[in-house]
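Engineer: Chain order of the listed sequences is A and B. If you're matching positions, the first sequence starts at 1 in our numbering and goes up one per residue. If you're matching positions, the second sequence starts at 1 in our numbering and goes up one per residue.
Errors might be hidden in some of the hints.
[Stated by the list, open to error] Here are the computed distance ranges between Cβ atoms for each label pair:
1) E61(B) / R108(A): 53 to 59 Å
2) G153(B) / R108(A): 50 to 56 Å
3) A64(B) / Q159(A): 52 to 58 Å
4) P115(A) / G265(B): 57 to 63 Å
5) R20(B) / E283(A): 48 to 54 Å
6) G269(B) / G269(A): 53 to 59 Å
7) P287(B) / E267(A): 45 to 51 Å
8) G153(B) / A3(A): 44 to 50 Å
To be clear, the hints were calculated from the coordinates, so they are not data collected in a lab. All residues carry an ideal CB built from backbone N, CA and C; glycine is no exception.
Protein chains: 2
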Amino acid sequence: MTAVLVSEVGPRDGLQSISRTMPLEAKKAWIRAEAEAGVREIEVGSFVPPALLPQMADTAELVAFARTVPGLAVAVLVPNLKGAERGIAAGAHKMSIPFSMSETHSIRNVRKDHPAMVAEIRAIADRVRQEPAETRPHFEVGLATAFGCTIEGPVEEEQVVRLAEAAIEAGAAEVGLSDTTGYANPAQVKRLVRKVKAAVGPKRLNTLHLHNTRGLGLANALAGLEEGITTLDSSLGGLGGCPAAPGASGNIVTEDLAFMLAAMGIETGIDLPKLLAVRAILEEALPGEPLYGFTPDAGLPLGFGGRA
Amino acid sequence: MTAVLVSEVGPRDGLQSISRTMPLEAKKAWIRAEAEAGVREIEVGSFVPPALLPQMADTAELVAFARTVPGLAVAVLVPNLKGAERGIAAGAHKMSIPFSMSETHSIRNVRKDHPAMVAEIRAIADRVRQEPAETRPHFEVGLATAFGCTIEGPVEEEQVVRLAEAAIEAGAAEVGLSDTTGYANPAQVKRLVRKVKAAVGPKRLNTLHLHNTRGLGLANALAGLEEGITTLDSSLGGLGGCPAAPGASGNIVTEDLAFMLAAMGIETGIDLPKLLAVRAILEEALPGEPLYGFTPDAGLPLGFGGRA
């Protein structure tokens, strides 16, 4: 393991989880500063109906802006074919659709059972293929609630494997495993990554999307790295922690993840002092919003950088 | 890996790091409740001069009390031979002496260079051997600042290996690796555990003492488990975080560690709901003191226990 892609999802997963709407200019400043700190991929928003998530209403403008940032891969979340049409029109480089492994969760959240979701994935994949190869977005399926569901409880691993195969068969370029609920543990991460890679092929599963709900986020990330995961989603300041559970952070924290990878000698392209400075943008734009992470408070170890 | 010993160090490392003194009765209630929750080893205090650490002045009384708790291994920290004499007199089952791998840190903290520390370890080991075998305490050397020092910065791994060998040669039963400063990363943990085990023998290094200063505590614990570590120190509520760095927790959090191990199917003997309930004793005895950990806020996953 010599290089890992840290994919910042804060502007999407973080901001959609809090009730306030960050002003467009602050979002742009955040994206620009984090890209300048060396983050190479940012999920800037989602193409959901603005009536449902007003925080994400400016996603098309953000995609247009982010495409002007040199070297940045611009990702968006799309809930369905309609969202994908908007993503393609906006010019996103990468589109992900969440596909909940818990059918109850899927029906509750997007009113679609598993066969309906596979049909939607197929429709998006077909639509994406109509784009010219040079501008065609990369289309990924995020296997949500893959490690357990807050409604159903445990989710069968064989079900995750079967639905991952169905997503690839329907035309997705790759699948990712999402611990939407913060239920995952390192042994489970290793087992499930291994099983899904075996089923869909090792190149078709590269990404883990982890939450730090029970404090195991970085341990789960480490387990994934050991099984060949090369992309880790994370959120600056762990933005988006559950307000109902104070202290229960949202996504794994970009600052701590980037520190761990750098300390381990894994290349990410990220300049740590610059990354830590980006946090000030969040603090200013969202005063009083809880932010998470330990490295920002503790600072880098003495002599860090000289040697890991 | 089927079983791990979680060694609670909060009554020592947590309480010595905060300025308030927890009343003796609250300490007893904490120790009793945590033992009843299934924790099998607790470091109840340290035999340092009460003038230096008044929070630890009642350690002898706590050892006497803890020895009455069924099945509990009673550990103490001793800084020198004089402390060890007090530990033996009190009837501790296990005594650890911190031995700082950074000589500057050692001189600054205990006014002893490395040769003086090895002489002290030898004097304690000789004294311990005079005790009858059936009551002789287990004597361990904690290799402090093994992953880096806040004064010296990086610490040479070969120096840690050499000093670990010296500690064993001087008569310690085993050594443990301590990330006193929260500098460790998983790659370094694996490397150093492997090197020290190779030098002193695999049975002579079983323990990791980790801090969560930069959020990597459980990832480091996982790395240690993968290299055959079988004892992990931790502190309930991560008590003892650095007040100068808010958010920078102290020891790894017992609650999150116990959840991780249980979720991975590793036996610890701990009843998680009972353990989570012990936190109320800290909250009541130390009102307003920052406590850490995510599992206590998030709760256990739905269906947890039925299946991991």
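Engineer: A separate judgement is required for each hint: does it hold in the structure or not?
Structural biologist: Checked hints:
1. Distance hint check: the CB atoms of E61(B) and R108(A) are about 56 Å apart, consistent with the given range 53 to 59 Å.
2. The hint said 50 to 56 Å for the Cβ distance between G153(B) and R108(A), and at roughly 52 Å that hint holds.
3. Here the CB-CB span from A64(B) to Q159(A) is close to 55 Å, well matched to the stated 52 to 58 Å.
4. Our hint of 57 to 63 Å for P115(A) and G265(B) is violated, since their Cβ atoms are close to 33 Å apart.
5. Between R20(B) and E283(A) the beta carbons are some 30 Å apart, a value that contradicts the proposed interval 48 to 54 Å.
6. As the Cβ distance of G269(B) to G269(A) is approximately 44 Å, the hint placing it in 53 to 59 Å is violated.
7. Our hint of 45 to 51 Å for P287(B) and E267(A) holds, since their Cβ atoms are close to 46 Å apart.
8. At roughly 26 Å, the beta carbons of G153(B) and A3(A) sit outside the given window of 44 to 50 Å.
Going down the numbered hints, you'll see the structure goes against 4, 5, 6, 8, while the others check out.
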